[in-house]
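Participant: One letter stands for each residue in the lines below.
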Amino acid sequence: MIIREILALIAFLVGTFFGIFGMVGLFRFRDPYSRLHAGSLCGTTAVFSYLVALLLLAPSLASGARVFIILVFFLISAPTGSSIVGKFIWESEDATRQRSAMKREDKSL
Amino acid sequence: MNSRRVWAILRFVLTTLFLYFVWVLFTSDLGLFSLLFGLAASVMTAALTYHIFLPEHEANLRFFTPHFWALIRFLFLMVFSLYQSSFQVVKAVISGNTNPRIVHFRTRLRSDLARTVLANAITFTPGTMTLDLNDDHLTVHWLLCSTTHTKAAGEAIKTKLEHALGRTWL
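Protein chains in written order, with the numbering used here: chain G, 1 to 109; chain C, 1 to 170.
Don't read these hints as lab results, they were simulated from the structure. Since the model is a prediction, treat every value here as computed from it, not as a measurement. Be aware that a few hints might be false.
[Claimed, not checked] With a straight-line Cα cutoff of 16 Å, these simulated EDC-like cross-link-like pairs (lysine to aspartate or glutamate) come out:
#1 C:Lys151 x C:Glu162
#2 G:Lys87 x G:Asp31
#3 C:Lys91 x C:Asp112
#4 G:Lys87 x C:Asp135
#5 G:Lys87 x C:Asp132
[What the hints assert, rightly or not] What follows is a list of derived Cβ distance ranges for each label pair:
#6 C:His51 x G:Ile3: 42 to 52 Å
#7 G:Ser77 x C:Trp69: 21 to 31 Å
#8 C:Asp136 x G:Val24: 31 to 41 Å
#9 G:Leu61 x C:Leu32: 15 to 25 Å
#10 C:Phe80 x G:Ser77: 41 to 51 Å
#11 C:Val43 x G:Met1: 35 to 45 Å
#12 C:Asn99 x G:Val24: 16 to 26 Å
#13 G:Phe74 x C:Arg167: 38 to 48 Å
#14 C:Glu56 x G:Ala65: 29 to 39 Å
#15 C:Ala8 x G:Leu13: 45 to 55 Å
#16 C:Arg73 x G:Ile6: 20 to 30 Å
#17 G:Met1 x C:Phe37: 13 to 23 Å
Built from N, CA and C at the ideal position, the CB exists for glycine as well.
With the hints as constraints, model all of the structure from the sequences given.
Facilitator: Put into structure tokens, the structure is as follows:
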């Protein structure tokens with residue numbers, strides 16, 4: 001029982017670590033794609049870790065199975081969402097300007 | 001009965017089975033009323049939506065029925081690469097060394113489902129994010145870019161995933 005709780009705590013800490021650095025990256029990067037990248041990828045990992053921790057702490061098999069379903073659906077929906085946002089940046093006027101700026105500077109930071 | 005009709009019935013049955021499976025999983029209630037109600041609801045929903053859920057041009061069962069062990073293996077690969085890629089992004093956030101580029105390449109996977117899953121999985125591989133999927137043409141934003149050559153970029157990003165996916169779906 002206690003081992004399960006320690007493992008869940010580790011998973012919560014890992015999730016918080018990635019969440020915080022994803023947020024830092026969101027403000028630190030300069031072009032929209034990199035910002036989206038940091039935000040969505042680290043956010044996905046953070047929520048994934050939290051759900052793994054919840055899976056470890058699940059009181060019964062039925063609720064554990066539901067958390068697992070949520071986890072799988074989250075793995076499908078999160079990258080789809082970020083790729084839709086990315087596609088709209090790619091097609092918008094603003095991004096064209098950003099892209100040429102990216103080419104000029106060669107570095108995003 | 002022509003083959004088109006057989007295929008439509010097969011798709012209808014598969015959609016019903018899938019919906020019923022999810023219903024039982026979510027309710028986790030094996031009472032008679034719940035089972036019958038779920039079955040009726042699945043049949044009705046499947047009758048309305050089977051041509052959207054499984055489009056007619058997906059003319060092979062292997063296009064959407066996964067190989068079980070390959071799927072499990074692919075899921076573990078995804079989770080591993082999710083953590084690995086997040087770690088690389090965190091490193092890039094701290095050091096500030098990024099080289100963002102947009103690369104294009106093609107995939108050789110044939111079914112819509114496998115291509116969609118590949119596009120989603122590319123988001124999880126280190127430093128890449130799918131922007132667009134158009135038939136077999138992928139537009140990918142690569143945060144830690146090392147090459148913009150189409151073939152080399154494709155090799156670097158998708159080879160491992162495509163192998164694992166090619167075993168799961170066609």
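Participant: All hints, please: hold or fail.
Facilitator: Verification of the hints:
{"no.": "1", "hint": "C:Lys151 x C:Glu162", "verdict": "holds, 14 Å"}
{"no.": "2", "hint": "G:Lys87 x G:Asp31", "verdict": "holds, 14 Å"}
{"no.": "3", "hint": "C:Lys91 x C:Asp112", "verdict": "violated, 34 Å"}
{"no.": "4", "hint": "G:Lys87 x C:Asp135", "verdict": "holds, 15 Å"}
{"no.": "5", "hint": "G:Lys87 x C:Asp132", "verdict": "holds, 6 Å"}
{"no.": "6", "hint": "C:His51 x G:Ile3: 42 to 52 Å", "verdict": "holds, 50 Å"}
{"no.": "7", "hint": "G:Ser77 x C:Trp69: 21 to 31 Å", "verdict": "holds, 25 Å"}
{"no.": "8", "hint": "C:Asp136 x G:Val24: 31 to 41 Å", "verdict": "holds, 36 Å"}
{"no.": "9", "hint": "G:Leu61 x C:Leu32: 15 to 25 Å", "verdict": "holds, 22 Å"}
{"no.": "10", "hint": "C:Phe80 x G:Ser77: 41 to 51 Å", "verdict": "violated, 20 Å"}
{"no.": "11", "hint": "C:Val43 x G:Met1: 35 to 45 Å", "verdict": "holds, 44 Å"}
{"no.": "12", "hint": "C:Asn99 x G:Val24: 16 to 26 Å", "verdict": "holds, 19 Å"}
{"no.": "13", "hint": "G:Phe74 x C:Arg167: 38 to 48 Å", "verdict": "violated, 24 Å"}
{"no.": "14", "hint": "C:Glu56 x G:Ala65: 29 to 39 Å", "verdict": "holds, 33 Å"}
{"no.": "15", "hint": "C:Ala8 x G:Leu13: 45 to 55 Å", "verdict": "holds, 52 Å"}
{"no.": "16", "hint": "C:Arg73 x G:Ile6: 20 to 30 Å", "verdict": "holds, 28 Å"}
{"no.": "17", "hint": "G:Met1 x C:Phe37: 13 to 23 Å", "verdict": "violated, 38 Å"}
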